[in-house]
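Enquirer: Since the structure of chain A is already known, use the hints to place chains B, C and D on it.
Chains as they are written, first to last, in our numbering: chain A, 47 to 592; chain B, 47 to 592; chain C, -16 to 438; chain D, -16 to 438.
Be a bit skeptical, because a hint or two may be false.
Claimed, not checked - Below, simulated DSSO-like cross-link-like pairs (lysine-lysine); rule was C-alpha separation at most 30 Å, straight line:
1. C:K149 to A:K67
2. A:K476 to A:K328
3. C:K111 to A:K389
Unchecked claim - What follows is a set of in silico ranges between Cβ atoms, one per label pair, in the way DEER data are often shown:
4. A:G258 to D:E340: 54 to 60 Å
5. D:G292 to B:H186: 36 to 42 Å
6. B:Q60 to D:D383: 40 to 46 Å
7. C:D433 to B:E366: 28 to 34 Å
8. B:G388 to C:D433: 30 to 36 Å
9. D:K111 to B:R387: 34 to 40 Å
10. C:D433 to B:K256: 24 to 30 Å
11. C:T147 to B:R387: 57 to 63 Å
12. A:E484 to D:E423: 42 to 48 Å
13. C:D433 to D:V60: 41 to 47 Å
14. D:D383 to A:E376: 29 to 35 Å
15. D:Q104 to B:E447: 47 to 53 Å
16. D:D383 to A:S77: 56 to 62 Å
17. D:D383 to A:Q431: 54 to 60 Å
Note that these hints are calculated values from the structure, not bench results. By construction, the Cβ of each residue, glycine as well, lies at the ideal position given by its N, Cα and C atoms.
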Amino acid sequence: MDGMDTTLEELYTQYPDTVKKNRKKHIVIKSEADVACPQIEANTRTIPGIISQRGCAYAGCKGVVVAPIKDMITITHGPVGCGYYSWGTRRNKARADSTTPKDKIYSQLCFTTDMQEPDIVFGGDKKLARMIDEIVAAFHPRGINICSTCPIGLIGDDIGAVAKAATERHGIQVLAYACEGYKGVSQSAGHHIANNTIMQNVIGKGNERKPGKHVINVLGEYNIGGDGWEQERILKDCGYTVNCVMTGDASYEDIKNLHLADLNLVQCHRSINYIAEMMETKYGTPWLKVNFVGVEATNESLRQMAKCFSDPELEKQTEEVIARETARIEPALEQFRKICRGKKAFAFVGGSRSHHYQHLLKDLGMEVVVAGYEFAHRDDYEGRQVIPTIKSDADSKNIPELHLKADEKLYREGNEYLNLSKEQFEALKKEVPLNYYEGMYPDMKNGDIMIDDCNHYELEELIKKLRPDLIFTGVRDKYIAEKMGIPAKQMHSYDYAGPYAGYNGAINFANDVAHTLTTPAWKMIVPPWERIEEPDTGKQEGANDA
Amino acid sequence: MDGMDTTLEELYTQYPDTVKKNRKKHIVIKSEADVACPQIEANTRTIPGIISQRGCAYAGCKGVVVAPIKDMITITHGPVGCGYYSWGTRRNKARADSTTPKDKIYSQLCFTTDMQEPDIVFGGDKKLARMIDEIVAAFHPRGINICSTCPIGLIGDDIGAVAKAATERHGIQVLAYACEGYKGVSQSAGHHIANNTIMQNVIGKGNERKPGKHVINVLGEYNIGGDGWEQERILKDCGYTVNCVMTGDASYEDIKNLHLADLNLVQCHRSINYIAEMMETKYGTPWLKVNFVGVEATNESLRQMAKCFSDPELEKQTEEVIARETARIEPALEQFRKICRGKKAFAFVGGSRSHHYQHLLKDLGMEVVVAGYEFAHRDDYEGRQVIPTIKSDADSKNIPELHLKADEKLYREGNEYLNLSKEQFEALKKEVPLNYYEGMYPDMKNGDIMIDDCNHYELEELIKKLRPDLIFTGVRDKYIAEKMGIPAKQMHSYDYAGPYAGYNGAINFANDVAHTLTTPAWKMIVPPWERIEEPDTGKQEGANDA
Amino acid sequence: MLECVPEGKTEHTTGKINPAKTCQPIGAMYASLGIHGCLPHSHGSQGCCAYHRMHLTRHFRDQVLAASSSFTEGASVFGGASNLKTSIKNIFKIYNPDIIAVHTTCLSETIGDDIPNIIKQSEIPEGKIVIHTNTPSYVGSHITGFSNMCKSMVAYLAEAQGETKKEQVNVIPGFVNPGDMREIRRIVTALGVKLVMFPDTSGVLDAPLTSKYQMYPEGGTTIAEIRDSGNSEVTLALGAFASNAAADLLQEKCGVTGIPLKLPIGLKATDDFIMAVKDWFGADIPKEIAIERGQVIDTLIDTHFHYQGKTVAIFGDPDHVIAMTEFVITMGMVPKYVLTGTPGKEFEATVTKMLDEAGITGSRVKAEGDLFELHEWIREEKVDLMIGTTYGKYIARTEDIPLVRFGFPILDRAVHPLMPVVGYRGCLRLIEQISNAFLERRDRDALDEDFELVL
Amino acid sequence: MLECVPEGKTEHTTGKINPAKTCQPIGAMYASLGIHGCLPHSHGSQGCCAYHRMHLTRHFRDQVLAASSSFTEGASVFGGASNLKTSIKNIFKIYNPDIIAVHTTCLSETIGDDIPNIIKQSEIPEGKIVIHTNTPSYVGSHITGFSNMCKSMVAYLAEAQGETKKEQVNVIPGFVNPGDMREIRRIVTALGVKLVMFPDTSGVLDAPLTSKYQMYPEGGTTIAEIRDSGNSEVTLALGAFASNAAADLLQEKCGVTGIPLKLPIGLKATDDFIMAVKDWFGADIPKEIAIERGQVIDTLIDTHFHYQGKTVAIFGDPDHVIAMTEFVITMGMVPKYVLTGTPGKEFEATVTKMLDEAGITGSRVKAEGDLFELHEWIREEKVDLMIGTTYGKYIARTEDIPLVRFGFPILDRAVHPLMPVVGYRGCLRLIEQISNAFLERRDRDALDEDFELVL
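Chain A extracted, bound-state conformation (with noise of 0.2 Å):
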């Protein structure tokens, strides 16, 4: 615990006194002495020159929560690059089934307005809704976003005006997200937007329910890598019907039906909370934070799911799938678990998986030492109960929070959702953390860091002080890490393998993290040459240009 106070203060010492000052607030050891976590800041603006992680808000807006919406089509109103960077690097995996067929899924595709100096000058919205015209002429898509870039808000295009006008003029929504890449501080304030546009704009405005007795969303799951599948795969042994993935897999016509589910799941905290609390809000949708991501957490959102529905049958199917499915995998990582133990790693990825992959790694013995986000608020790791001590600043301000009523016709109580009478529902909620989230703090271990918006020089110095064994991390952080002779995996894209999440991505992701410890190379970085006695390289410098 003081070695890692005396580790951070020499972390600090680099930097500029305002930096230092900053720095510190974003970064929290964790003590097993303290009551509560304390306050760690979060969602501020990353200081100007420091190499963050961040993206933008548009990132957040479309590439997270629009885009794997696979039956619209997602305009990206802007110059080229934003569409272009996030055109099919995210592996929101998305397919045909029975309300979408494979001509009406548009992932593998983008469109962009590509605005030209001209288009900055004189507008942009004639040709955005040239565009549409054009697009729905070509592909006739059940529905059409319209993400704006940065310099949409400065030069005034109005294309919530442009989309109100594409939707009259084609019968089909045109959904306009104004998530121009300055707002807020990072993807998150995007992730806010893409919420209320949606919540808006679409769910509710579907009437079928889909059969069954138990039937659920999974919010903030985005199907990376099939993850979403796997889960859906889990749900429905146990007897649940799954309405809607949201948005990974998702189509415009399940999020219609979103509000007709009994329970929402909140995967992604971050990402999705948003909708999660407004449905809650104006249909009084009862929601759940679950963790697939993990042999046991897995097994416990299952079992505090059940306990929800009060439904014997579906308790005893749902250990009956446990049972099973440990069964099943518990061998293979047992095997993994070998080559895993005792390693410790940091993990910086997504908008509850720096939280959710504590889990799956204790599964393997493993341990997190320092973990943090990109883009996350306090509440994400401190616990749901500090957001009405966040204090909101120039940056949140300007993304509008949505005042939602309950709704007249389609309001009703979380009971009655889950079947439940209002003793059974206030027993329950006593049992199972319904409608919370408790952050990632109460996970952690006595002297680990929690290290929000951790910056290049940070992840440096974090790496040549504690010599982590594997980090999981972004694409731009992996081949730092591995140049420093860490192993790395990539935890948006999991190394473009997958799924992770449920007990068939347990044990891919055992056997991926175990391959990467195992690489041979990692042995073999020092040169035989140098293993003898280090050399003198100065001396050859230049002697062999050709």
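Expert: Okay, now just chains B, C and D, sitting in the frame of chain A:
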């Protein structure tokens, strides 16, 4: 003409006297002044040390004639090399059909006894017998060929006895070909050995005549690049039943019924004329030398064939095919002619192909100025009329001549096969050169060179002196020619394209030749720094080792 | 795959569907990484920087470090001067680069931040340097951004010390891989001529993994070298779109003769490159290079029947596509569709001239096109081969056409950034890839009876 | 495809079905081509020479010249002395090589021709040389033949001039491609050590196409160099099967220390090769080489998830297979089946030791095997990848397994003989080929929803 004489005299000067004396006899300049073809020496020993293109008896027997039989397993009895080199390298295409299912085609496998030193010392008979037993047990082939390689004759393995015993033991025909590589002077000996063995052991064993009015065999067609299939296509269109293309895509079953056709067509005169001749003797089957390489040649062959049967319907159908096919390909051919016209070529290939291709080249406006064979006999150059005058020598004597007689049961007169009266038949023979081949010489032009067993030195000199535009040859010479700046096409393998026979073949060939002639790299051989001034490359030597 | 793509010709006049280009700043960032000890800086919202780093990292599979001004809404309204000044101060203090190379974004360009002025007002430690270039995302493409940053290197750094020039050649290599830059260096060095190449990402984006971590790896052109470029006799600008602007400025500013060349990809373009060096410096062609050239000729002749006469769609960045088109013609193939996303009429003029000279008719050539349009062309009339970036893979799969990956970006294969396609050795690599693409396809599609051992 | 191959385990104890080796003489012929100005001569029936030339030509796509004694039945009965003497006389007169390298065949070996004696009786022009080696086809394989000819080069040519040795290294490169030999030369030269490499087919079998034809191209080890090999301090024998015999004789005859090494294919084997040079000569490792090594490490780590844990069948020549097995283990793959056609218990011992050290169990290792047996193993339990010669393509297609072509012969692809697989650069090529084999397969087999842009 005089120029060519001088050219050759210059060429000979490098030779030692004995070599000069020998080689002069193998080279003839076509002179229209001569009434008949001057005698050319052929089918005599290659002088030791001379870099010849010739192969051996094993190559001629196993590689050319025997291996293409698709439903027989051919075991090479000897050390590993000979079987290995003749594995998969001749492009004799074979496919399943009504008589031969896929699991009875062995074309892509290689079987060798892989003799080891003890086998050489103590004999390989037992090993061979055991291998046959294992093969029969595993593969259940319809028949087995044993081809011996050089040491077998010397160590005295009696493959005939092994074959006989195995035939009895397994109830399938096991045939022995004593085709040791040193026999004869080239592949030619092997052709003869193969012809003898098949004639004696297989042909005539069957009794199922294929249905059809005019049933024919195509002999000496090995279906390289699918040539045989193109010929079958045309022949069927004309109204023939193709009994067997031998041995390209032929089955053991088909060969047994070879004697049940009405007419034998001979494509490759050298490799198969023995069977044509022996069948004439034994069964009376008439044979006709045909050439399906070249459009005009194909037309001419088809017309001659039609005449043989004196069937107006057949003649009409033949003319229809000729008209249709010629019209179909002519426009494309004309395009290629623009590239090919006026180009001069050398041709060294195969057992009639140096002759055959002259026809196709003529179709394209090209001329062969030097042509020859590796393994031909005088009759291939001069015409079969010279056969009685060919003296047998020590090398040819050791290839047995089968002195067959007319088969008592099966012999019929030629006219009966063709359904002609004797008079009609005699008249036909005046119109169509039945049972005859005129050789290459008549088709050559004044001043052209005909050269037997052309060797590296002669090729190099002739290229330097005559600078042809294109060389048709084998893979060994191809890269030599190209290094001299002359485009070359492998005509044993068609550079892995084809078919080159028939109408489709003419188009393929023209296309490939045009490509080869026009490959842009030919014009870029001289580096730009040499285009400006001849560099003093010596100065640079050793300057840039790194 | 791509069942959603409409059949037949569609009206597509506006925007891009499946773009074949991206925006300027990433090109500037890549160029900046080719200066030793440089930290690229993106003046805009942090999302740009995040995207560019991610995208470059995916192509190169190596670290890409860059900082951002991290605009928020406030900065967007009031201007980014303070963000940039803070950035410069923090970067030098925390990350200690030798030089910061600032590029703008559509955001800061729309705002109209006056970067030179802001830099002047910034705290820059003694001996440290800040340069900048303007890279509005709504003009040109990533290639324009690369070009602009190269030009700014000249504008800020190149100096002519007097009239007399050094016997050395500048090479502006274009937006090519570090492996290509290494190979260009090898060739010029083999010719015995001193080389100043800028930018040079070799050693930066193809850096070895050793026991030591370096935030600024050993590679990259040093500032001293770029300064010295003003004293060179001549500049070879490889690729008009990426390199001419810097060469022109060098001529104007320092009197260094600029020679515009193609990227030295393919036989002719490599000939031209080598002859440019030879002609200017009277360099002798070393045997090694002559052998390599002769091997290319040999291979082209040996393998022509694997590809000659086949039709190809070539797409990607303009300098790459131009050079590849020339090489494909040299191979006897037919460039049927030639497309770049980058705007520029010179592209169409250059390619059309090549086609005319080769007597090839019926091809389509387009600048500022997109892959949706390329797909429409291919649907109208198929080609035998596609040569271009990873983004072509959807079309390749849908239409069952082999794809030879070439250019930037290649996101789904590894090792390629280390393997040069420039020079004569590069020709061999390309011939091998193209031959093999056809041979693999032949093997795949062959009927059993046509499946052959020797090809 | 291969429907005729029986299901299940068959009795196969005798002969070979689909051999994974060929006969000695072709190896001797290949080695001879690595002497400058040499005409190989096959003492036997002309079919051998024709086959060997054809086969080498198909692999190298370059001219392969060799003469034959053109035995007829008479010579087979009475001995080939006269044929050989005539050959020698004619060859020098007509083809004028500097040296003739005679090898025998199963025919002349069975007859028992006494070659040294015949050579002694031959007319050999002043300054010209005839050497020979015995290559009975019924012993060993083509690798043995290569080894024997290398040994004969030493026996006939190598001379030690006194006790003191020169600071130079002999390298016997093994039966590798000319491109490999070039790369070995580059590496040793980069280490600053003078090299005598024999044989050296670079410049012979990868000769450029220029305007001038040379029957004996500029490449190949000169006779003077081979003579001088006796004065070298040390011989590195690359590949035990191909090179140890010559190195041993050189040690015995001239006192040159022989160091047996693996073929420098793969990271470890290249390390060993470079360290052998460094350790003996105290050579400094140039930066260039260190960077290349670091790039290999970097690439292995970057790409491991493309192949790690996959099972492989490796087949071909023993030295190649041994080195590739080691590299495949270095890559974290599992060599499931390891097979050579060449006899030799050391093969099995060497590979088994590697597998044991890597803790890999359940693999099958066999010398003197054939591809029919390999196919049976694969049918019993499939592998993810095959690495070996073109002959593997039938199995690869039948069982739908990707094949990375490696070793000798490769008959159905071009350019490979120019592209080194030795050294660190060779590692990159192999990693690229292996990665791409898996990635191509992944793209091919992916469901539409799993077809991805980034991999």
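Enquirer: Now tell me, hint by hint, if it's right for this structure.
Expert: Structure-based check of each hint:
Note on C:K149 and A:K67: the hinted pairing is violated, with a Cα-Cα distance of about 51 Å set against a maximum of 30 Å. Between A:K476 and A:K328 the alpha-carbon distance is near 23 Å, which keeps this suggested pair within the 30 Å criterion. At most 30 Å may separate the alpha-carbon atoms for a hinted pair to count; C:K111 and A:K389 exceed this at roughly 42 Å. Checking the proposed 54 to 60 Å range against A:G258 and D:E340 shows it holds: the Cβ atoms sit about 56 Å from each other.
At about 40 Å, the CB distance of D:G292 to B:H186 agrees with the hint of 36 to 42 Å. Remark: the range hint 40 to 46 Å for B:Q60 to D:D383 is contradicted by a beta-carbon distance near 56 Å. Separation of C:D433 from B:E366 is about 30 Å and conforms to the stated range, judged on CB atoms against 28 to 34 Å. Range check, B:G388 to C:D433: Cβ separation about 34 Å, and the 30 to 36 Å hint holds.
Checked against the given bound of 34 to 40 Å, the beta carbons of D:K111 and B:R387, roughly 47 Å apart, lie outside it. At roughly 25 Å, the beta carbons of C:D433 and B:K256 sit within the given window of 24 to 30 Å. For the pair C:T147 and B:R387, the supplied restraint of 57 to 63 Å holds, since their beta-carbon distance comes to about 60 Å. In this structure the supplied range 42 to 48 Å holds for A:E484 paired with D:E423, their Cβ-Cβ distance being about 46 Å.
C:D433 and D:V60 have their C-beta atoms about 44 Å apart, which keeps the hinted 41 to 47 Å range intact. Remark: the range hint 29 to 35 Å for D:D383 to A:E376 is upheld by a beta-carbon distance near 33 Å. Between D:Q104 and B:E447 the Cβ separation comes to about 38 Å, which falls outside the hinted range of 47 to 53 Å. Look at D:D383 against A:S77: about 58 Å separates their beta carbons, and that is inside 56 to 62 Å.
At about 57 Å, the beta-carbon gap between D:D383 and A:Q431 stays in the expected band of 54 to 60 Å.
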